[in-house]
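On the provided structure of chain W, position chain C as indicated by the hints.
In order, the protein sequence lines correspond to chains W and C. Each residue of the first sequence is one higher than the one before, counting from 4 in our numbering. Each residue of the second sequence is one higher than the one before, counting from 469 in our numbering.
Read the hints as simulated data drawn from the structure, not as lab findings. Among these hints, one or two may not hold up.
[Stated by the list, open to error] Label-pair distances were calculated between CB atoms; the ranges are:
hint, chain 1, residue 1, chain 2, residue 2, range
1, W, Asn-161, C, Lys-544, 42 to 48 Å
2, W, Lys-344, C, Tyr-568, 38 to 44 Å
3, W, Asp-171, C, Tyr-568, 52 to 58 Å
4, W, Arg-167, C, Ala-549, 31 to 37 Å
5, C, Ser-565, W, Gly-195, 44 to 50 Å
6, C, Asn-558, W, Asn-161, 29 to 35 Å
7, C, Leu-542, W, Gln-192, 54 to 60 Å
8, C, Gly-598, W, Lys-344, 57 to 63 Å
9, W, Lys-344, C, Glu-508, 58 to 64 Å
10, C, Leu-542, W, Asp-397, 29 to 35 Å
Here a beta-carbon is modelled for each residue, glycine too, at the ideal position from N, C-alpha and C.
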Amino acid sequence: MDEAYWDKEIETIDRHSLQQLQLERLNKTLERASKSQYYKRRIPAKINNLTALKDIPFTTKSDLRNSFPEGMLAVSRDEIVRLHASSGTTGRATVIYHTKRDIDNWTDLVARSMYMTGVRKSDVFQNMMGYGLFTGGLGLHYGSERLGALIIPASSGNSKRQIRLMKDFHSTVVHITPSYALHLYTLFQEKGIDPKNDLDLRIAFLGAEPHSEETKLRLENLFGLDAYNSYGLSEMNGPGVAFECQLKDGMHVWEDSYILEIIDPDTGEGLSDGEEGEIVFTTLKREGMPIIRYRTGDIAQTYPEECPCGRTHRKISRIKGRTDDMLIVKGVNVYPMQIEKVLMDIPEVDNNYLIEIETVDYLDSLNIKVEVRQNIFHGGIKELESLKKRISEDLKNETLISPRITLVEPNSLPKSEGKAVRVVDKRDRDV
Amino acid sequence: MASQVTVFVENKPGRISHIARILGKNNINIRAITISDRGEYGLINIIASDPDRAHDILLKEGFSVSRNYVIGVLMKDRPGALADITEYLNESEINISNAYGFILKSGDKAVLILEVDDFDRAEEVIRGGGFHTLSKEELVNL
Chain W
4 MDEAYWDKEI ETIDRHSLQQ LQLERLNKTL ERASKSQYYK RRIPAKINNL
54 TALKDIPFTT KSDLRNSFPE GMLAVSRDEI VRLHASSGTT GRATVIYHTK
104 RDIDNWTDLV ARSMYMTGVR KSDVFQNMMG YGLFTGGLGL HYGSERLGAL
154 IIPASSGNSK RQIRLMKDFH STVVHITPSY ALHLYTLFQE KGIDPKNDLD
204 LRIAFLGAEP HSEETKLRLE NLFGLDAYNS YGLSEMNGPG VAFECQLKDG
254 MHVWEDSYIL EIIDPDTGEG LSDGEEGEIV FTTLKREGMP IIRYRTGDIA
304 QTYPEECPCG RTHRKISRIK GRTDDMLIVK GVNVYPMQIE KVLMDIPEVD
354 NNYLIEIETV DYLDSLNIKV EVRQNIFHGG IKELESLKKR ISEDLKNETL
404 ISPRITLVEP NSLPKSEGKA VRVVDKRDRD V
Chain C
469 MASQVTVFVE NKPGRISHIA RILGKNNINI RAITISDRGE YGLINIIASD
519 PDRAHDILLK EGFSVSRNYV IGVLMKDRPG ALADITEYLN ESEINISNAY
569 GFILKSGDKA VLILEVDDFD RAEEVIRGGG FHTLSKEELV NL
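Next up, chain W with everything else stripped away, as it sits in the complex:
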């Protein structure tokens, strides 16, 4: 008989013991965090019960940025074995440092999550997420190795190769963005491949992009597999923070490793289970860079009822939105300000642009429209093409996304009066 849990003791721990464990680990976290520049004067040395957590100030994304590069480091640099970073709106990255034990704990959470969905040693796992600074690639990679499955570190892109790998090695599990999965399906059709009969796929982790329940169901039907939603953010390691169990009704947050709070984003007051608000996390096991009461900017709600799967860790709903204007394009987090800053630094573009995000062939497409104004037009095609190239390269460097640049006639874009709408999101929400 197949064991249903990776770590039964922790996964099915009773709520009372879980809370005791949390308090114990929280106090250790406070002790560790107080060694960092940032936290040393901001937090108490110890708290006596979990409700006292609400008196500790929040940590925000800008706090992370302002303490760049090492303001939140709580151990000696020598103890750090890896960093992950995301691009930042001000050109400054958000950096997360991990000790050897941090990586070990993260890996265990990912293995636990994957195991929960039914991945076993006999599986072949094709990881189609980008490797590198982005946490989706390496996070699942090591988790899968810990679990004992055979991993194919395919990384993202190169659809033909992805399809060949799936066929040659009989991949059973994939980690993929929902939009890329839909894109792959159109390629399957062109090549006459029926994924239900010609491939061995049985589980998909849909990551990095918010997607609707309808999209998930559609993918399950098209590919003939079980798709699992998950949630993670690099500040809290990355993948492995919350994952759906096989009942696929909400994502279990691993509360032995994170304290989960839902707050009213306007007042900062805590909300009850079932009420929609901003997710706030506190790391409980992080050594290198503990983060306390981190405001994720993501909106969701917790489920009040217990899960029939037996796990006692609370579940959160799909992410319903953001408290800020962050965009997720091709799985990459981008703020409009980031794009605007790059464009405004190009003299020919200046204030003269419109950012459009569209769905083209199921994939996100970033399209920048720039007016060819009279003062920048000198009659040459070479000049216009090199302008397009320059805009595209500058944006790629800042945001990691290659945009399409469209040159349009003068006075055809909305006029900039005060706060003009310069970002238009035209994506199909339910692809």
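Below, chain C without anything else, positioned relative to chain W:
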């Protein structure tokens, strides 16, 4: 020296007719027109009877427009005439970046419009080869 008016337009229906109508209303004759198509946009090159005025009018109408010198070569309208001049340019190592032509009188005279990399040298070379290049006035009075 001859000049050509270049207008930036998006690739969408009605742009050429719009420009042609503006010039027509202002009594400007279009001798020749070509389009460099780049997909989402194009550049319309116009040899107009009055390039200066065409340029100013289109600018005032809000178009991004430029005026560039081109070489207008008077040729015979007969088979091989184009080969004669382009072979000669090739021997003289003049690189042509754009070329188009129009007939003045069938079987008699035609004009070849050339955009070249090194304008001054090209004009000198062409004249040196015994070809006639059109002045601004000659082009207006065609």
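Tested hints:
1. Asn-161(W) <-> Lys-544(C): 42 to 48 Å: violated (57 Å)
2. Lys-344(W) <-> Tyr-568(C): 38 to 44 Å: holds (43 Å)
3. Asp-171(W) <-> Tyr-568(C): 52 to 58 Å: Check passed, 54 Å falls within 52 to 58 Å.
4. Arg-167(W) <-> Ala-549(C): 31 to 37 Å: violated (57 Å)
5. Ser-565(C) <-> Gly-195(W): 44 to 50 Å: Holds, at about 46 Å.
6. Asn-558(C) <-> Asn-161(W): 29 to 35 Å: This hint is violated: roughly 44 Å between Cβ atoms.
7. Leu-542(C) <-> Gln-192(W): 54 to 60 Å: Holds, at about 59 Å.
8. Gly-598(C) <-> Lys-344(W): 57 to 63 Å: At roughly 59 Å between Cβ atoms, Lys-344(W) and Gly-598(C) fall inside 57 to 63 Å, so the hint holds.
9. Lys-344(W) <-> Glu-508(C): 58 to 64 Å: violated (25 Å)
10. Leu-542(C) <-> Asp-397(W): 29 to 35 Å: Violated, at about 47 Å.
In terms of the numbered hints stated before, the structure departs from hints 1, 4, 6, 9 and 10, listed from lowest to highest.
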